[in-house]
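**Q** The primary structure of each chain is shown beneath.
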Amino acid sequence: MAEGSNQNTAQSAFGRFFDKVGRTSISGLEEVGRHGVMLVESLYWLIAGPRMSQPVRLGSVIAEMMEIGVRAIGIIGIMAAAIGAMLAIQGIYTLKVFGAEGHVVLGVAFSMVREFAPLITGILVAGRSGSALSARLGTMKINQELDALEVMGINPVRFLVVPSLIASLVMVPVLTFMSMALGLYAAALYVRATLGMTMAAFFDQTINVLSLDDLMHGLGKAAIFGVLIALIGVLNGFLVKGGAEGVGKATTRSVVQCISAIVVTDMLFALVATF
Amino acid sequence: MSEAATATVQEAPPEARTVIEVRDLVTHYGPREILHGVNVDIVEGEIMVIMGGSGSGKSTFLRHLMALQRPTSGSIKILDHDVWSLSQKQLFELRRKLGVAFQSGALFSSMTVGENIMLPLYEHTKLDRTTMEIMARMKLEVVELSGFEDLMPSELSGGMIKRAAVARALIMDPRILFFDEPSAGLDPVVSKQLDELILRLRDAMGMTICVVTHELDSAFTIADRITVLDQGNILFIGTVDELRSSASERIQNLLNRRSEEAEIDPDEYLRRLTGDKEEAEGMPR
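Protein chains in written order, with our numbering: chain L, 1 to 275; chain F, 276 to 560.
Any given hint could be a false lead.
In silico SDA-like cross-links for lysine to any residue, where the CA-CA straight-line distance does not exceed 20 angstroms [said to hold, decoys possible]:
# : chain 1 : residue 1 : chain 2 : residue 2
1 : L       : 241       : F       : 303
2 : F       : 352       : F       : 407
3 : F       : 364       : L       : 220
Every beta carbon over 10 angstroms from chain L, so not counted as near; a handful from chain F, in silico [what the hints assert, rightly or not]:
# : residue
4 : 311
5 : 375
6 : 399
If you're looking for bench data, these hints aren't it; they were derived computationally from the structure.
No experiment lies behind these values; they were computed from the predicted model shown.
Note that CB positions come from ideal geometry on N, CA and C, so glycine has one too.
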């Protein structure tokens with residue numbers, strides 16, 4: 001009797017586990033679906049908007065570019081320079097074992113351009129702008145500002161989402177390019193100080209080592225990160241429920257989702273691109 | 276027969292043009308039915324007040340009237356257009372003929388008062404900036420807020436925010452104006468000023484105005500007709516005098532602000548508090 005009861009308990013725990021796994025998987029798929037719908041809707045308004053007297057305003061796009069891109073230059077520049085210098089420090093330390101410190105340029109150039117510049121830029125923009133987008137839209141939702149837009153005959157996706165999406169798509173690659181340049185420059189400074197290699201020699205070697213494909217690999221990833229950050233930020237804002245606490249939760253969720261999506265996409269992109 | 280079915284219903288005057296026609300409106304939130312086949316006509320140039328207690332469905336009903344929410348079944352005609360059979364473009368064009376002053380004002384916090392008011396003009400017209408600014412100042416004058424166009428919404432008081440929201444709602448010269456709880460959170464003096472503003476808008480501009488409120492004094496001051504919603508049904512449609520003289524017990528309870536909740540049995544109350552029947556019975560009395 002007791003054995004039967006234990007078996008039933010084990011079965012129900014097993015059932016609950018699979019039930020939870022199933023529900024989580026379905027809700028994850030729903031989330032992916034919602035992002036897809038938002039992307040399609042944004043493209044629809046970008047293309048069809050002017051015909052429906054709902055054009056995407058260039059002024060709004062530029063304002064978003066300022067917010068997402070220009071105002072992030074300082075922090076991203078500092079981080080990129082620190083990472084470039086760090087790669088040079090670690091590279092020289094490791095290569096010293098083989099007496100091959102001179103090859104540090106190879107490691108720094110590939111890692112910075114293909115990996116670190118897009119990754120660090122994506123993560124910083126996600127923390128800065130992904131969360132800000134969620135907080136802004138979430139607050140607008142609980143203050144009925146999204147309803148106000150609808151009743152004024154202004155589509156919220158066209159008015160709020162599309163400018164952010166375009167700005168993010170353009171500015172994340174631009175910031176990534178800046179990160180590449182600053183990271184390499186900081187690395188060059190360190191290499192000159194420690195190995196006595198001239199800046200010209202460093203950049204000459206860098207240009208020889210890198211191909212256009214490497215540059216496009218980094219910038220292509222950055223463009224995808226830009227789209228992901230905007231979509232995740234916007235969607236979490238639109239789904240806010242329950243007042244100020246809901247806005248806080250959406251903001252946190254947005255940052256966590258953005259960074260997770262960036263890291264996973266980075267891995268998949270690297271896998272596909274080097275296959 | 277339900278009380279809702281026997282409710283006093285006054286048809287719209289036959290000579291007046293109906294601008295909003297709601298037929299058999301049913302709506303759900305998940306499995307829960309919120310509105311159970313509502314029928315209402317709102318005629319041109321009148322102030323229709325929609326009243327009801329909390330949870331009566333009046334806010335949901337207003338969202339339907341503003342074409343913000345699709346019903347489960349039934350139809351809503353606004354200015355002779357069946358709202359949910361319109362294309363997206365036609366729906367946007369129809370919405371430009373509607374103005375809404377939301378309960379919270381819903382002014383965009385990142386824009387000044389003037390920019391908030393000019394936004395519909397900026398989005399829907401090709402007017403130059405100077406003309407838009409003049410029009411915004413004219414609307415601010417109507418709501419007695421002239422000179423406040425350069426302030427941010429956070430710098431305004433509750434009553435001023437609501438009046439600025441009215442100015443924004445008026446900027447496209449709408450045919451129908453909706454107010455969601457205009458008096459909520461305002462002191463009696465400011466509330467009275469808003470009532471006077473609503474009456475002025477009807478008299479001076481001939482607008483059709485639909486107000487959702489639970490403030491009886493405000494409703495009696497401004498209403499041409501009143502619709503009373505009760506648990507998702509229409510309990511009454513008629514004039515203020517007809518409402519006052521209604522024999523319906525539920526309406527009298529509403530007018531006298533009496534709760535309809537039955538007296539609670541002390542034992543039952545204890546059981547509810549403890550959430551456990553046996554435990555409640557075992558407690559000392």
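**Q** Does each hint fit the structure? Answer for all of them.
**A** Now for the hints, and whether the structure bears them out:
1. L:241 / F:303: 19 angstroms, holds
2. F:352 / F:407: Violated - the C-alpha atoms of residue 407 (chain F) and residue 352 (chain F) are around 31 angstroms apart, more than 20 angstroms.
3. F:364 / L:220: 36 angstroms, violated
4. 311: Nearest chain L Cβ is 24 angstroms from residue 311 (chain F), so the label holds.
5. 375: 5 angstroms, violated
6. 399: The claim is violated: residue 399 (chain F) sits with its nearest Cβ about 6 angstroms from chain L, within 10 angstroms.
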